[in-house]
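Spelled out from the first residue to the last, the chains are:
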Amino acid sequence: MVTVAASRDAAVWAALAEIPDPEIPTISLVDLGVIRGFAFEHSAAGERLTVELLPTFVGCPAIEVMREQIGERLGARGLADEVVVDLSFAEPWTSDRITPAGREALRASGFAPPPAVGSSFSGELLAVLPIATCPYCGSRNTTLENPFGPTLCRSIYHCADCPQPFEAFKPV
Amino acid sequence: MSELDRETRDALAELLLAMADDEFVLGFWDSEWTGIAPILEEDVAMSSVSQDEIGHAKALYELLAELTGEDPDQIAFGRPADAYRHAALMNHARTDWAFSIARRFLYENADAVRLESLDGSSHQPLAGLAAKMRREETYHLLHFDLWLRRLAEGGSDSRGRLAEALEMLWPDAQAVFAPLAGEARLLAARILPDSLETLRARWLDRVVPRLEQLGLPVPSPTQRAAAPPSEARTRRTPDFEWLHGEFTMVARSDAGATW
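In order, the protein sequence lines correspond to chains U and G.
Residues in the first sequence are numbered consecutively from 1, following my numbering.
Residues in the second sequence are numbered consecutively from 173, following my numbering.
Pulled out of the complex, with its shape left as it was, chain G reads as follows:
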């Protein structure tokens, strides 16, 4: 691994933590569908997708741990709720199926845009992991695009719930591309080949036409023009605090236990 100066290393750590927390928290929210999804096949699918996300988070926490000398489990489970850096999109409880599908559609496309860029990262360990994750995420993209269409065309109830969730989630979905303190460093070192604003524009170019095609609500030009605030990755909610209590419960009950 090439030697990074301290500021570049801190910037990379910030990026890895944001990505890992996105995958980790969403993986936990959607794992709640195991056993209660609308159909049996979807129980299997959502469980598998969630397992993928937790796996991606694990690999990202491990990259981060190599950089900082911390323990990956400690990063994953040992932080207080306000130290997590996932996008505000992941602050919301699972809610109903339409809500979960709306969130997944917005997130999977954002994640795809981010991974495509990082596939060309100058930081080889991250580029290699992004290339691998992209192949797995292709399945997620297809799956949730299918569900988006199914709910959009399914009747007034499913369509109405989906539209309401999309409108509600829109500002928080943009938070996936909220500015990072060390972004200029990452761009200069080509660790992040494209700026987060460039990536946000690419994401809009994908999700907006698809939503229009299905007659679903899209953000207004004013909403699209507004870059997300940096606090969109630090703001936490009671929903997330509850989830944090759940997913840290085992680690807290017997700190340092192995099995």
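Isolated chain U (complex conformation):
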């Protein structure tokens, strides 16, 4: 039984890992760290799979798209009779949840990955925000142009060595 449950869990993680972030499709939802976990339970409809989704930003408009895609993908795999996606604030999503593979995927598509911020996050922001590593040339000779960017999760920088503008995933 343990083996059956473990392989079923692995199949769920594998299916979730195939779903791209709607705004930055080179990174998967699993590497983005937005999947807190999931659980199977028996319901009237049969076996119900509930996935717990942590929003990157509370107002992120991509949340609903993620929600639909999780439901569709897991439903199509026949892993449960019913798939429910619950938004959760049981713990805050922080940029520290992005996996090493996710960071590399961000960098490869031109986004500077966020620096580590730790759990408390108040004074740290001023220390980590001013400088980012250019995703194109690796230079640290960069300046923060705008802590806010084209989506809630991005900031805008300029690299003095390339020289060109680039976006960074906000530490949060």
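Certain hints may be false.
Stated by the list, open to error - Partial selection, computed: residues in chain G whose CB lies under 10 Å from chain U:
| id | residue |
| --- | --- |
| 1 | Ala-299 |
| 2 | Met-305 |
| 3 | Met-340 |
| 4 | Leu-341 |
| 5 | Pro-343 |
| 6 | Ala-360 |
To be verified - Here are some of the chain G residues that sit facing chain U, going by a computed Cβ distance under 8 Å:
| id | residue |
| --- | --- |
| 7 | Ala-217 |
| 8 | Ser-220 |
| 9 | Gln-223 |
| 10 | Ala-231 |
| 11 | Leu-239 |
| 12 | Gly-300 |
| 13 | Leu-301 |
| 14 | Ala-303 |
| 15 | Arg-307 |
| 16 | Thr-310 |
| 17 | His-315 |
| 18 | Arg-321 |
| 19 | Glu-325 |
| 20 | Leu-352 |
Don't read these hints as lab results, they were simulated from the structure.
Ideal Cβ placement from N, Cα and C applies to all residues, glycine included.
Guided by the hints, dock chain G onto chain U, whose structure is given.
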């Protein structure tokens, strides 16, 4: 979710509505800067900040809706203007840039104090959301503190407009901490860990020294001593009635439409 008795639930609903309306109305006012902010980067910044606030309002309306069984969209867009419960600070039109910055500085600090307290709320759904919102609001605090300084040190025109706006907004800014009918309940249940008067004192301890440091006007000791009246969350103005007409226009034009 733990079972709440009816009076505690009503008190929590009152708190959630006040917070959600603060974020919602301010988000709409400042979204008006999209396209006309003083510089391009500020167009981007103010739009992003406003989107954050509307998002926070959405999450708070959803918490409220779970509690009352209502529809969150109906709460957001289906009420008459006099049923909104935002602080009087959000009754004013956007006005000029200095006015908007003065309001944001006063509000962001008030919101920070409120969220820090609610991070420790006994009501887990609210505590979790407050913890998440705090991380996002850190950006707002830094951004508007920077603008406050920029305008304060920018010359007599920007400084004069900023000082005038601060003096004008001071009484209404205190309204963020106006008493709630169910406050005693919230305190007893530790849903609200600190009284609104305690939070108001903390807020004063942050904003007054910063304003003094920049040589900007601060409230008199008499003004600081006076707790805001409860009607500071029910009084509405023609400015707000106009905004209400704007932000409910689409919902009113085709009630119940989905897209």
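Verification of the hints:
Annotation: Ala-299(G) was flagged as interfacial toward chain U, and the flag holds, the nearest CB pair being 9 Å apart, inside 10 Å. The interface hint given for Met-305(G) holds, since its Cβ lies 6 Å from the closest Cβ of chain U, which is under the 10 Å cut-off. Hint on Met-340(G) is violated. Least Cβ distance to chain U is approximately 27 Å, over the 10 Å limit. Look at Leu-341(G): its Cβ only gets to about 24 Å from chain U, farther than 10 Å, so that hint breaks.
Violation of the interface hint for Pro-343(G) is found here, the shortest Cβ-Cβ separation to chain U being roughly 29 Å, above the 10 Å cut-off. At a threshold of 10 Å, the smallest CB-CB gap from Ala-360(G) to chain U is about 24 Å, leaving the interface hint violated. A hinted interface residue such as Ala-217(G) counts as satisfied when its beta carbon comes closer than 8 Å to some beta carbon of chain U; here the least separation is about 4 Å, so the hint holds. Restraint check, Ser-220(G) versus chain U: the minimum CB separation of about 4 Å is within 8 Å; hint holds.
For Gln-223(G), the shortest C-beta to C-beta distance to chain U is roughly 5 Å, which falls under 8 Å, so the interface hint holds. For Ala-231(G), the interface hint holds, since its Cβ comes within 8 Å of a Cβ in chain U; the closest pair sits about 5 Å apart. Here the hint on Leu-239(G) is broken, as its CB sits about 15 Å from the closest CB of chain U, past 8 Å. Given the 8 Å rule on beta carbons, the hint for Gly-300(G) holds: about 4 Å separates it from the nearest Cβ of chain U.
Satisfaction of the interface hint for Leu-301(G) is found here, the shortest Cβ-Cβ separation to chain U being roughly 5 Å, below the 8 Å cut-off. Annotation: Ala-303(G) was flagged as interfacial toward chain U, and the flag holds, the nearest CB pair being 5 Å apart, inside 8 Å. For Arg-307(G), the interface hint holds, since its Cβ comes within 8 Å of a Cβ in chain U; the closest pair sits about 5 Å apart. Because the smallest distance between the Cβ of Thr-310(G) and any Cβ of chain U comes to about 5 Å, under 8 Å, the interface hint for this residue holds.
Interface hint status for His-315(G): upheld, as the beta-carbon distance to the closest one in chain U is roughly 6 Å, under 8 Å. At about 14 Å, the closest approach between the beta carbon of Arg-321(G) and any beta carbon in chain U exceeds 8 Å, and the interface hint on this residue is violated. With a cut of 8 Å, the hint placing Glu-325(G) at the interface with chain U is violated, because the nearest CB-to-CB distance is about 19 Å. Annotation: Leu-352(G) was flagged as interfacial toward chain U, and the flag is violated, the nearest CB pair being 23 Å apart, outside 8 Å.
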